[in-house]
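Top line first, the protein sequences correspond to chains A and B.
For reference, each letter of the first sequence is one residue, going 49 to 160 in this note's numbering.
For reference, each letter of the second sequence is one residue, going 42 to 154 in this note's numbering.
Since the hints were derived computationally from the structure, they do not count as laboratory data.
Treat the hints with care, as some may be off.
To be verified - Stretch-level coverage of chain B by chain A, calculated; a stretch enters the list once three of its residues show a Cβ under 8 Å from a Cβ in chain A:
#: 1; segment: 84-97
#: 2; segment: 145-154
To be verified - Across the chosen pairs, the derived CB separations fall in these ranges:
#: 3; chain 1: B; residue 1: Lys153; chain 2: A; residue 2: Glu117; range: 45 to 51 Å
#: 4; chain 1: A; residue 1: Gly88; chain 2: B; residue 2: Ser66; range: 33 to 39 Å
#: 5; chain 1: B; residue 1: Asp108; chain 2: A; residue 2: Lys62; range: 49 to 55 Å
#: 6; chain 1: B; residue 1: Thr93; chain 2: A; residue 2: Gly51; range: 27 to 33 Å
#: 7; chain 1: B; residue 1: Asp108; chain 2: A; residue 2: Thr68; range: 16 to 22 Å
#: 8; chain 1: B; residue 1: Thr71; chain 2: A; residue 2: Ile99; range: 27 to 33 Å
#: 9; chain 1: A; residue 1: Glu153; chain 2: B; residue 2: Thr120; range: 36 to 42 Å
For glycine and all other residues, C-beta sits at the position ideal for the given N, C-alpha and C.
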Amino acid sequence: DGGITQSPKYLFRKEGQNVTLSCEQNLNHDAMYWYRQDPGQGLRLIYYSQIVNDFQKGDIAEGYSVSREKKESFPLTVTSAQKNPTAFYLCASGLRSTGELFFGEGSRLTVL
Amino acid sequence: DAKTTQPNSMESNEEEPVHLPCNHSTISGTDYIHWYRQLPSQGPEYVIHGLTSNVNNRMASLAIAEDRKSSTLILHRATLRDAAVYYCILRDGLRAGGFKTIFGAGTRLFVKA
Numbered sequence: 049d050g051g052i053t054q055s056p057k058y059l060f061r062k063e064g065q066n067v068t069l070s071c072e073q074n075l076n077h078d079a080m081y082w083y084r085q086d087p088g089q090g091l092r093l094i095y096y097s098q099i100v101n102d103f104q105k106g107d108i109a110e111g112y113s114v115s116r117e118k119k120e121s122f123p124l125t126v127t128s129a130q131k132n133p134t135a136f137y138l139c140a141s142g143l144r145s146t147g148e149l150f151f152g153e154g155s156r157l158t159v160l
Numbered sequence: 042d043a044k045t046t047q048p049n050s051m052e053s054n055e056e057e058p059v060h061l062p063c064n065h066s067t068i069s070g071t072d073y074i075h076w077y078r079q080l081p082s083q084g085p086e087y088v089i090h091g092l093t094s095n096v097n098n099r100m101a102s103l104a105i106a107e108d109r110k111s112s113t114l115i116l117h118r119a120t121l122r123d124a125a126v127y128y129c130i131l132r133d134g135l136r137a138g139g140f141k142t143i144f145g146a147g148t149r150l151f152v153k154a
């Protein structure tokens with residue numbers, strides 16, 4: 049089935065450790081996005097990519113890094129520089145047009 | 042980036058229509074208006090989108106003002122499963138950076154049985 053898959057669903061990490069969240073889509077979408085959501089809040093854009101080997105910072109990129117080596121994949125690394133990494137992370141993809149966005153089920157990261 | 046403004050929360054009775062408003066006074070001519078909804082602990086799901094004309098699908102209707110500075114998502118008969126956060130966003134694939142796709146805080150819809 050076509051869709052967008054995030055893994056892991058739950059992740060625990062110790063302070064000072066980097067962690068990478070996976071996002072894979074088989075929808076042949078050019079654009080991919082990473083959002084962060086804190087409890088009771090809306091979505092805030094971390095990074096987005098319009099095409100392979102290209103990505104741009106969103107509104108809260110500090111402490112995060114991404115890569116886009118393949119069209120299907122857009123992993124997000126939460127680095128130790130991110131001061132408050134505990135959050136719900138959402139990945140999305142869409143066509144290079146104004147069509148709908150498809151979201152993954154999210155990854156919940158907890159820093160102990 | 043064009044921004045949208047929505048009420049923080051709204052309440053509805055089950056089986057009654059719900060009108061969720063959204064203001065986007067700085068909308069550009071090539072911005073599409075999108076609506077998504079999010080259930081607890083899930084990713085948002087697409088509801089509907091439009092450019093100028095009103096749109097209908099199996100989930101909802103979208104009414105767009107003639108000047109396009111506001112829109113309304115209409116749920117014709119609210120059910121308990123419609124209780125969610127509803128986001129109104131603008132997407133433009135033509136302008137530079139148009140894929141940035143910013144979400145606001147959305148409207149939390151409460152549905153009473």
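Going through the hints against the structure:
1. Counting residues of the segment 84-97 of chain B whose CB lies closer than 8 Å to any CB of chain A gives 6, so the stated coverage by that chain holds, three being the minimum.
2. Three residues within the 8 Å Cβ limit are the bar, and the segment 145-154 of chain B against chain A gives 3, so the coverage statement holds.
3. A hinted range of 45 to 51 Å holds for the C-beta pair Lys153 of chain B and Glu117 of chain A, which are about 49 Å apart.
4. The hinted window of 33 to 39 Å between Gly88 of chain A and Ser66 of chain B is violated, with their beta carbons roughly 26 Å apart.
5. Against the hinted window of 49 to 55 Å, the Cβ-Cβ separation of Asp108 of chain B and Lys62 of chain A comes to about 53 Å, which satisfies the hint.
6. The hinted window of 27 to 33 Å between Thr93 of chain B and Gly51 of chain A holds, with their beta carbons roughly 31 Å apart.
7. The beta-carbon spacing between Asp108 of chain B and Thr68 of chain A, approximately 46 Å, falls outside the hinted interval of 16 to 22 Å.
8. Distance hint check for Thr71 of chain B and Ile99 of chain A: the Cβ-Cβ separation is about 19 Å, which falls outside the suggested range of 27 to 33 Å.
9. Taking the beta carbon of each, Glu153 of chain A and Thr120 of chain B are about 22 Å apart, not inside 36 to 42 Å as hinted.
Checked against the numbered hints given earlier, this structure breaks hints 4, 7, 8 and 9; the rest are met.
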